[in-house]
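Novice: Residue numbers (the numbering used here), protein chains in the order written: chain A, 110 to 490; chain B, 634 to 924.
No wet-lab data here; the hints were simulated from the structure.
Each hint should be verified, as a subset may be incorrect.
[Stated by the list, open to error] Chain B is faced by these chain A residues, among others (derived, beta-carbon under 10 Å):
no.	residue
1	N158
2	V161
3	K167
4	C171
5	S173
6	G450
7	M451
8	G453
[To be verified] If you want the ones that stay clear, here's a sample from chain A, every Cβ over 12 Å from chain B, calculated:
no.	residue
9	V139
10	F170
11	E175
12	I294
13	E393
14	D426
15	R472
Note that beta-carbon positions come from the ideal geometry of N, C-alpha and C, so glycine has one too.
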Amino acid sequence: MKKIQAFQTNSLSEGIVSFAQFAREHGLNVGIQETQDALQASCLGILNNKDVFRHALKSLFCTSPEEMMVFDQLFSLYWDTNPIDLQKRKGKVNIQGSVNKKANASLVMLGMGNAQAEPEEDAKNVSGANEAERLKKTDLSLLTILEAEQLEEIARKLCKQMAVRMRRRMKQNRKHGTLYLRKTIRRSIASGGEPIQLFHQMKTPKKQRLIVLLDISGSMDKYSFFLLRFICALRDHFRQLEAFVFSTSLKRITKAMKPQQLERVLKNISENTDHWSGGTRIGECMKQFNDIFGKRMLNGSPTVLILSDGLDTGDADLLGAELQKIHARSKRTIWLNPLKGMKGYQPLAKGMKAALPSVDDFRSAHNLESLLELEKLLMHA
Amino acid sequence: MPIDELKYPEQLGQFLDSHQYVADAEMLTSLFLLLKLNKPLLLEGPPGVGKTEAALVLSQWLDVPLIRLQCYEGLDVNAAVYEWNYQKQLLGIRMQEGSTMSSQEKEQKIFSEEYLLKRPLLQAISQADKSPVLLVDELDRSDEEFEAFLLELLSAFQITIPELGTIKAKHKPYIILTSNRTRELSDALKRRCLYHWIGYPGLEKEMSIVKKRLPGIEENLLKQVVEYVQSFRQLKLIKTPGISETIDWAESMMALGYREVNSRAMEQTLGAILKTTEDIEQVRLSVGETI
């Protein structure tokens with residue numbers, strides 16, 4: 110019989126071991142090593158104080174503040190439950206908020222946040238290799254709730270791989286640079302200490318800065334979520350990444366671009382309704398960027414990445430003029446437009462038309478695959 | 634006090650208390666386990682809440698040296714673990730010229746411990762008489778590759794140098810790692826560590842910390858300062874003030890002879906606690922109404 114409460118076990122060691130199992134089932138990363146450590150800790154004479162015991166197990170079993178919160182619930186549920194209370198509940202254990210459950214910000218972003226229905230767990234296991242390939246090619250605006258969740262998972266993995274790959278490639282390029290003394294001396298032993306063959310080592314090239322401007326207006330909101338995740342992954346490569354979102358006004362989100370805060374950022378932005386899904390005044394936002402941040406951030410020729418569909422309700426001439434300013438001071442200006450993925454798309458929207466002369470690369474960004482293709486472009490950025 | 638005498642986490646608490654470090658029960662238990670199980674402890678939390686300080690105090694308690702490795706982007710093995718002393722090696726090769734050693738012997742000599750420069754991590758495991766405290770500070774700033782180097786040290790307390798072989802620790806160091814969580818550390822690393830999250834303290838705790846550091850502070854000023862800092866943390870500031878900033882602020886108030894927080898005092902000392910003009914502006918706006 111599976112033991113889900115401490116009183117069902119016969120000895121303390123058994124209790125601890127089955128608590129470890131219990132914690133593992135609820136999403137904590139508790140392996141054999143952790144269990145062993147817990148048993149060892151219990152021999153240290155800390156058992157006479159329940160709080161100390163709890164703190165000790167917490168320190169051993171948790172790896173993040175989020176997990177620590179879940180742990181407290183698990184602990185009291187497991188160790189504190191009185192058998193008499195339990196009979197009323199008929200042994201059903203319900204933990205509020207397991208570790209892997211997210212705020213489901215993706216759904217909010219995709220305009221499905223109001224659908225409160227829990228996604229069905231049974232239907233989730235359909236993802237195979239083909240499914241993943243298909244999802245990568247699916248236009249982001251056409252995803253269902255279920256697919257959006259799956260794609261999010263895939264995107265997270267691929268984006269991480271991409272970030273690692275980009276870093277690694279930078280380092281293999283070692284032909285010139287400073288003398289690599291370690292290798293030179295080692296090889297010079299063969300020739301009696303005469304360093305005949307010199308070896309060089311190149312320092313990892315300093316990463317260029319990247320400035321990202323993301324449109325989060327109504328016409329973009331189907332895409333914005335994945336684009337934001339993509340930006341987050343780029344952050345690993347470009348340590349100096351500045352991120353902004355804009356619709357009717359500009360907002361700097363650089364500080365918030367940490368992976369574990371992404372969900373919160375999305376929620377914050379989406380609650381801010383005048384930002385979210387309002388009209389777009391790209392020109393004014395670009396002006397705002399130039400006025401407030403331009404001086405500070407556009408020095409040293411960074412690469413500027415703009416993610417927008419170019420559907421502008423503001424002044425198109427202003428957009429053209431402001432973008433030209435940005436273009437003049439950046440190494441490269443890249444514009445990603447999700448609409449470009451549609452068949453027969455022509456950049457006819459007046460905003461887009463005004464912007465194009467100041468854009469070095471005009472690309473599509475309608476599905477995950479097209480985003481990942483950017484890797485090559487940004488490698489040399 | 635030697636470790637053998639340490640039976641309860643509370644004992645640790647008394648000492649830390651006398652050394653001006655206020656730790657809660659959870660923190661004490663984590664430190665207790667660090668000492669007893671000899672597992673590295675990963676401390677995470679926002680800047681300025683006393684993560685680094687914990688290692689300092691621990692080394693004082695144990696009366697052992699503190700070896701510190703400050704992580705930064707681009708930190709590599711040469712700066713963290715070891716480096717060969719190239720100048721000495723070159724000289725060594727020259728001096729061997731007349732000798733009758735085979736080239737294999739020569740190589741062995743050139744790559745012996747004599748020619749090795751020990752960097753913090755290697756120092757930490759090659760201490761002769763006592764286990765030191767090793768502080769790996771702000772690990773999240775280093776590259777992910779560097780984390781991988783650490784794994785061997787954290788789990789097996791050994792370091793492998795290709796030319797020399799594996800060096801095992803005679804006395805296992807007590808390792809404390811700190812991180813501001815600017816990026817997620819790898820699971821492999823986390824699994825080898827105990828974990829403790831240090832958040833911003835509550836009103837009571839922060840007051841007692843400041844009081845510990847500034848014994849001369851007046852009760853009235855102390856309370857006001859801490860209350861203000863606590864309210865600042867509720868605002869969405871670019872740089873949220875940590876405890877060390879609170880102490881700085883209280884100290885500058887005292888130095889200027891203020892006995893309470895008023896608008897003039899604010900005006901003069903806000904720079905001690907807030908570090909960007911945007912933040913100062915925002916706080917002025919929100920505080921201006923209350924004073």
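Novice: Now look at each hint and say whether the structure bears it out.
Specialist: Hint check:
Look at N158(A): its Cβ gets to within about 8 Å of chain B, closer than 10 Å, so that hint holds up. Proximity of V161(A) to chain B holds as hinted, the smallest CB-CB distance being about 5 Å (cut-off 10 Å). With a cut of 10 Å, the hint placing K167(A) at the interface with chain B holds, because the nearest CB-to-CB distance is about 7 Å. Proximity of C171(A) to chain B holds as hinted, the smallest CB-CB distance being about 5 Å (cut-off 10 Å).
Residue-level restraint check for S173(A) holds (minimum Cβ-Cβ distance to chain B is 8 Å; threshold 10 Å). Using the Cβ-Cβ criterion of 10 Å, the hint placing G450(A) at the interface with chain B is not satisfied: the shortest such distance is roughly 31 Å. Using the Cβ-Cβ criterion of 10 Å, the hint placing M451(A) at the interface with chain B is not satisfied: the shortest such distance is roughly 36 Å. Contact between G453(A) and chain B, as hinted, is not supported at the beta carbon level, the nearest pair being about 42 Å apart and thus beyond 10 Å.
For V139(A), the shortest C-beta to C-beta distance to chain B comes to about 10 Å, within the 12 Å cut-off, and the non-interface label is violated. Once the 12 Å rule is applied to beta carbons, F170(A) is inconsistent with being away from chain B; the minimum gap is 8 Å. Its beta-carbon lying about 9 Å from the closest one in chain B, E175(A) breaks the requirement of being farther than 12 Å from that chain. For I294(A), the requirement that its beta carbon stay farther than 12 Å from each beta carbon of chain B is not met, with the minimum near 5 Å.
Non-interface status of E393(A) relative to chain B is upheld: no Cβ of that chain comes within 12 Å, the nearest being about 21 Å off. A cut-off of 12 Å between C-beta atoms confirms that D426(A) is not in contact with chain B; the least separation is 31 Å. At the 12 Å boundary, the C-beta of R472(A) stays outside the reach of chain B, the nearest C-beta of that chain being 28 Å off.
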